[in-house]
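**Student:** What follows is each chain in one-letter form.
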Amino acid sequence: MDQSYIIPFVKSVQNVFETMLQLPVQVGAPSLKKPGSPTYDVTGLIAMSGDVQGNVTLSFPTATAERVVSLFTGTQLTKAHEDFADAVGELVNMISGGAKAQFAGKQVSISCPSVVVGSDHHVFGSKDLVCIVIPCVSDCGDFAVEVAMKASALMATTQTASAVA
Amino acid sequence: MKILLVDDSKTMRNIQKGILAQLGYTDVQEACDGLDAISKVGAFAPDLLLVDWNMPNMDGLTFVKQFRAKGFKSPIIMVTTEAEKSRVVEAIKAGVNNYVVKPFTPDALADRIKETMARVVAA
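Just so you know, the sequences run in chain order A and B.
The opening position of the first sequence corresponds to residue 1 in our numbering, with each subsequent residue numbered one higher.
The opening position of the second sequence corresponds to residue 1001 in our numbering, with each subsequent residue numbered one higher.
Okay, chain A solo, but in the shape it has when bound (with noise of 0.2 Å):
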């Protein structure tokens, strides 16, 4: 994977708990995920279309989520409350909104986000795409955001025309 679609993400996760949470977050070494490797218990997850295509998730253990969510609201929430999900989902919102920006040149669509709450889930995205883990430590506890894109193939044909000419 293209490393200019990782350093958006690592930029946007730390200014959205920055500023939304006053939360630094310290982020580690990008590695590639294993196929099928469980996340962790609870996952935002984003799509996205145009130019780049794939998903973005954010993915957190349940007791940092529930950290997490309750700075993010100003509640203590757990993750059985209503609106625990909707949370997640707008952090994973803001998240890649905030990378996306930074792919320049680029026109990219992002999806309304969709929450999976449960131990041992399994994320599965197309198969043709290597999936990258962003590692995460924050004072809440780590977390991941895993990124798994590539230019579409009308932008990949694009590319290799303006190369050859």
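No lab work stands behind these hints: they were computed from the structure.
Where hints are given, some of them may not hold.
Cross-link-like lysine-lysine pairs, in silico, DSBU-like; alpha carbons within 30 Å at most [to be verified]: (1) A:Lys106 <-> A:Lys127; (2) A:Lys106 <-> B:Lys1065; (3) B:Lys1017 <-> A:Lys11; (4) B:Lys1070 <-> B:Lys1002; (5) A:Lys11 <-> B:Lys1085; (6) A:Lys79 <-> B:Lys1010; (7) B:Lys1085 <-> B:Lys1065; (8) B:Lys1085 <-> B:Lys1017; (9) B:Lys1040 <-> B:Lys1002; (10) B:Lys1093 <-> B:Lys1114; (11) B:Lys1093 <-> B:Lys1002; (12) B:Lys1017 <-> A:Lys79; (13) B:Lys1065 <-> B:Lys1002; (14) B:Lys1073 <-> B:Lys1017; (15) A:Lys127 <-> A:Lys11; (16) B:Lys1017 <-> B:Lys1065; (17) B:Lys1065 <-> B:Lys1093; (18) B:Lys1010 <-> A:Lys11; (19) B:Lys1093 <-> B:Lys1040; (20) B:Lys1093 <-> B:Lys1010; (21) B:Lys1085 <-> B:Lys1010; (22) B:Lys1085 <-> A:Lys106; (23) B:Lys1002 <-> B:Lys1017; (24) A:Lys127 <-> A:Lys33; (25) B:Lys1093 <-> A:Lys106; (26) B:Lys1085 <-> A:Lys150; (27) A:Lys33 <-> A:Lys79.
Fit chain B to the supplied structure of chain A, relying on the hints for placement.
**Tutor:** Just chain B, lined up with the frame of chain A:
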């Protein structure tokens, strides 16, 4: 002053409602998407609208176009993750008066609201 918050995220509406309350604005109604907002603007007649872009059923840009097509003049602040310059231009052309990119600090949103209302008073 009557304010309509249009955002599919209840969390985001609550955050914005808290900031509005700190500014002294408590006459606030909420809509969960553009379609819901269209159904409320007639009876509520908001003096200011804060509108998200990406929402199910009817997105914020479509709502803004329909709202303006119906002849409503109230100022609209788009509050969205859509940060690209082309998107901002698209929104302004559709009838948006001001723009706030998520994530935002309470001060940033408060400043945009004050700025927008000051422009209305000056016009």
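**Student:** What hint numbers does the structure not satisfy?
**Tutor:** none
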